[in-house]
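Chains A and B supply the protein sequences, listed in that same order. Each residue of the first sequence is one higher than the last, beginning at -11 in this note's numbering. Each residue of the second sequence is one higher than the last, beginning at -11 in this note's numbering.
These aren't lab readings, by the way, just hints derived from the structure by calculation. Zero decoy hints are in this set.
The list makes no distinction among identical chains, and a pair is therefore deemed to hold if it is satisfied within one copy or across any two copies.
Okay, derived cross-link-like pairs now, BS3-like style, lysine-lysine, Cα gap no bigger than 25 Å in a straight line:
(1) LYS438 / LYS103
(2) LYS409 / LYS61
(3) LYS206 / LYS281
(4) LYS287 / LYS232
(5) LYS206 / LYS232
(6) LYS287 / LYS322
(7) LYS206 / LYS160
(8) LYS322 / LYS206
(9) LYS409 / LYS174
(10) LYS261 / LYS287
(11) LYS232 / LYS322
(12) LYS232 / LYS346
(13) LYS322 / LYS281
2 protein chains.
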Amino acid sequence: MSDLNVVLDRIDADLDKSLDRLFALLRIQSISTDPAYKKHCREAAEFVAADLRSIGFDAGLRDTEGHPVVVGKSSNGAGFQGSKNGAPHILFYGHYDVQPVDPLDLWSAPPFEPKIDTLADGRKIIVARGACDDKGQAMTFIEACRAYKNVTGKLPLPVTMMIEGEEECGSKNLFGFVRDNAAEFKLDLALVCDTAMWDQNTPAITSSLRGLVYEDVKLTCADRDLHSGSFGGAAQNPIRVLSKILAALHDDQGRVTIPGFYDGVRDLPADIKADLAALNLTAEQFLGQVGLKVPAGEKDRMLIEMITTRPTAEINGIIGGYTGEGAKTVLPAKASAKVSFRLVGDQDPDKIVEAFHKFVRDRLPVDCTVEFGNFGNARALQLAFDSPALNKTRSALKAEWGKTAVTVGAGGSIPIVGDFKSVLGMDSIMVGFALDDDRVHSPNEKFDLKSFHKGIRSWARILDALSA
Amino acid sequence: MSDLNVVLDRIDADLDKSLDRLFALLRIQSISTDPAYKKHCREAAEFVAADLRSIGFDAGLRDTEGHPVVVGKSSNGAGFQGSKNGAPHILFYGHYDVQPVDPLDLWSAPPFEPKIDTLADGRKIIVARGACDDKGQAMTFIEACRAYKNVTGKLPLPVTMMIEGEEECGSKNLFGFVRDNAAEFKLDLALVCDTAMWDQNTPAITSSLRGLVYEDVKLTCADRDLHSGSFGGAAQNPIRVLSKILAALHDDQGRVTIPGFYDGVRDLPADIKADLAALNLTAEQFLGQVGLKVPAGEKDRMLIEMITTRPTAEINGIIGGYTGEGAKTVLPAKASAKVSFRLVGDQDPDKIVEAFHKFVRDRLPVDCTVEFGNFGNARALQLAFDSPALNKTRSALKAEWGKTAVTVGAGGSIPIVGDFKSVLGMDSIMVGFALDDDRVHSPNEKFDLKSFHKGIRSWARILDALSA
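From just these sequences and the hints, can you work out the full model?
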């Protein structure tokens, strides 16, 4: 029996223990964007570092101005450093931080008390904040390493782990960390587990990522909240101003109206576009799962373009005035919104920010001032469609799932992957086991037990393939 | 020395005790719109009833489906019932409930811990939620009665008190209560203390009130919150839909665009318009006090029309998606807004509600549903400009303030006053001592000590004048 088969058997036999470890991590409330959870984030980092040490990694916390980065290095001996024997030195990237949990009242159980549930179609799922994004996904790789270590006493190739704690708030401090330690992390290949499958049975390799600009817009009119009976009709209302600005962001065709927004956006080559069309993603299939019917994006684009290869502008949040129960006849002093843009091609985040600020300022009446906040800029990223490592990964995924992996563009951003290429000159391979119905960033986030189990097995096969 | 002069002296001498009683009432958190404060509302009602009993009223609580109404009847003996001796039987109306206090972090001191403060210009003020609206104002009338009772052993005319607890949430249950007990409350004249002075030195009698329609609009798109990286650009965003609807409520000239909205709105007669123009209310004077410069209403109207005689549409609150600190790349399932309309002339609240619902529904895309909530409808009200009781009130106010009272229209609504006329066939005289800078419904609400003190004296003079 080959090492790999013994490793896969061990993974099957140890699944319950793997779940226990994942549950322990899921119980830690590591919400990175909210300062109130700072110590929980550190606790999650300590947990991951200790777990890596338990399987022979030389692991610890590296402090940043934000939450710490967990760095672990496999101690396979000097022989494995570098790419001796053709085995590349892998940098694995994941994150231990999670999104906020509000609105809490929409969760059917407490978000940090993970449990196994069963869907109507019989699928077993792990329910908790972070079950998928990214604790569940990151642990698939760590558990694959553990199985190797337990069976063979070592890993098939050298691995450096970088598990960060600020992905959900833009990875702000990780950029500087990677730049400052470029020599340490400039390895042979990065593996990233934070993306999705094509569907429940079809694995996917993600070859492009949209970029992100995330802005906060705060408007102020009067110097205090006013009584709408006294001042209504005469005093400028910041919610009205904000609504007008946000309503102007898209035209009737669904295109973003900010001047210069589409600079750097290229149309897809005809063959790639044909490949996308061949996937035949229908609105029923993609939007039907969340109760929707009609694509809301640019009217002249396919749905799959809207979610992977076209830039977008979305309003992620808005608040102003009285929002409690019942009525309050207030004319508020302030209103604010969070607006984010997904970028593709060569769109320049700095220019988008500048153009957006001008767009807002051009629409401000005299009695209204604006303050902007930025929560991270990331350029879009296009990775290789073809390389020896990619082909090995494809073969390993096919062996596990019985179906050829689809190569897709992802709608979301993983900010640091761009820097792995531009700063470290290192390619990344993004393989993940999320499904579209995982409710990532939403109440009742889940991860299929099958994704977790076969995800671990997939990484074991990929490590084996890459070491060959 | 006449009774009146002794009464006025007693008011001056007892001011500190009057303030102690007001402070005790201000400490009760009687927020009527929030069910969490139900028992506090009852406590405030019990406090007022006990206070009325202490000055000889036969007073108690009358239960409704909402918060109770305090009813008190002066026991001046049968001789005073009806209008014997020409002294009218007065119905005094006020309310013991207050507005919510959020945003709490903008208060410079706890809203239910009243205190005396001094403004930069030397004015002494009472600071607390309800200091003005309406606990402070209602107590000016009660303290005037107390002084009469203490000095003369009785009131100069018979008084029935109706102090309700739901004015700040639309007086929903008071309408039925007044209808069901019409015989009991159909008296000679209603006095209402819930309006403002013209300025710090000029008293005002309010002869018209705008009506109100207050609506809640909740939009739902997907059946759960989504990740904007996965679904952004493809799934309908309810904040975007809501912004477009709210932005469409006004045209570039500041007019409300809902079809039929202006039905029943008449232009002012030329002489009344000239009177308003003669008041010469400037933007600097009215908006300058809250940090604004430019009237935001209909471009072809005077500022004083915008705030008193023209109808309006205001957005009182909006919420959707992520509104906490930092970033969350959510594409929300829901967004909602509170929208209110001030009505004038013969605008029909039911028709406005219907037209508004149609306006919203006409703008909903396929993947968006709406739920409406209503927090009260009230027609606008025009009272007499001239009557013997009004003239006596004007004389009394001039004697106290040394300046002729201005007759004005009020921007806000007091829902029940319309029913006093239409159901009970009874005129109302609205006199109040609020100032434009009282921050009514806002953080740091205040009432000038001078308003409180001279307000009590004003009512003593008015009671004397009406009894003559």
